[in-house]
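All chains should be built: construct the whole structure from the sequences, respecting the hints.
So for the sequence shown, our numbering puts the first residue at 67; every next one is plus one.
Straight-line alpha carbon distances no greater than 20 Å define the calculated SDA-like cross-link-like pairs of lysine to any residue that follow: (1) K125 <-> D97; (2) K125 <-> G87; (3) K151 <-> R135; (4) K188 <-> S201; (5) K188 <-> F178; (6) K188 <-> V163; (7) K175 <-> L112; (8) K151 <-> L83; (9) K151 <-> E73; (10) K175 <-> V189; (11) K188 <-> D172; (12) K236 <-> Y224; (13) K125 <-> T149; (14) K125 <-> H147; (15) K151 <-> G87; (16) K233 <-> F223; (17) K125 <-> A115; (18) K188 <-> R96; (19) K188 <-> R167; (20) K125 <-> G113.
In short, the hints are calculated from the structure, not lab data.
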Amino acid sequence: MRRKNSEEMPCLLARSLGVIGEWWTLLIVRDAMMGVRRFEDFQRSLGIARNVLSDRLRKLEEHGLLERRQYEARPPRHEYHLTEKGRALGPVLLSIVQWGRDWIPDPPKMQFRNRETGAEVKVTVVDLQDGHEISAGAVRPVADADADIATRNRIEFYQEMRQAEEKADKSAK
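Structure follows, in structure tokens:
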């Protein structure tokens, strides 16, 4: 079965994964956040084939996550810098790393520390409206007024599944 074009799917997660979900993509973004700028340095850090790296850098540039800047005229050489859109993935990467520290057996012995305080960073998701920590179970999808039928159907399906789960949980008690 052929995978659908994620850009056509009525799901923000699927569409986002179409941009950032490929194996090397987040590793390239991670390296860029750590200060890697040049093609050779990305290649050295990641051990990635040149053609694959070229393709991923081009796609990140096309999607507006990286900006290519020339730093040498002859021969022409470029550096890659994160855009605002690319930097916005920082909390996402930190959340994935936190998940790994919590759930992957024997994680690498590394941590992130706050640059100002030196304290270890523990990542969570906070609702900016009220400042409370939230979990996936604490939220529910709601269709926007102009949502298409596929989005509305998906939300209705999720609501049916949630209700069936709640009913099963009550009867199990």
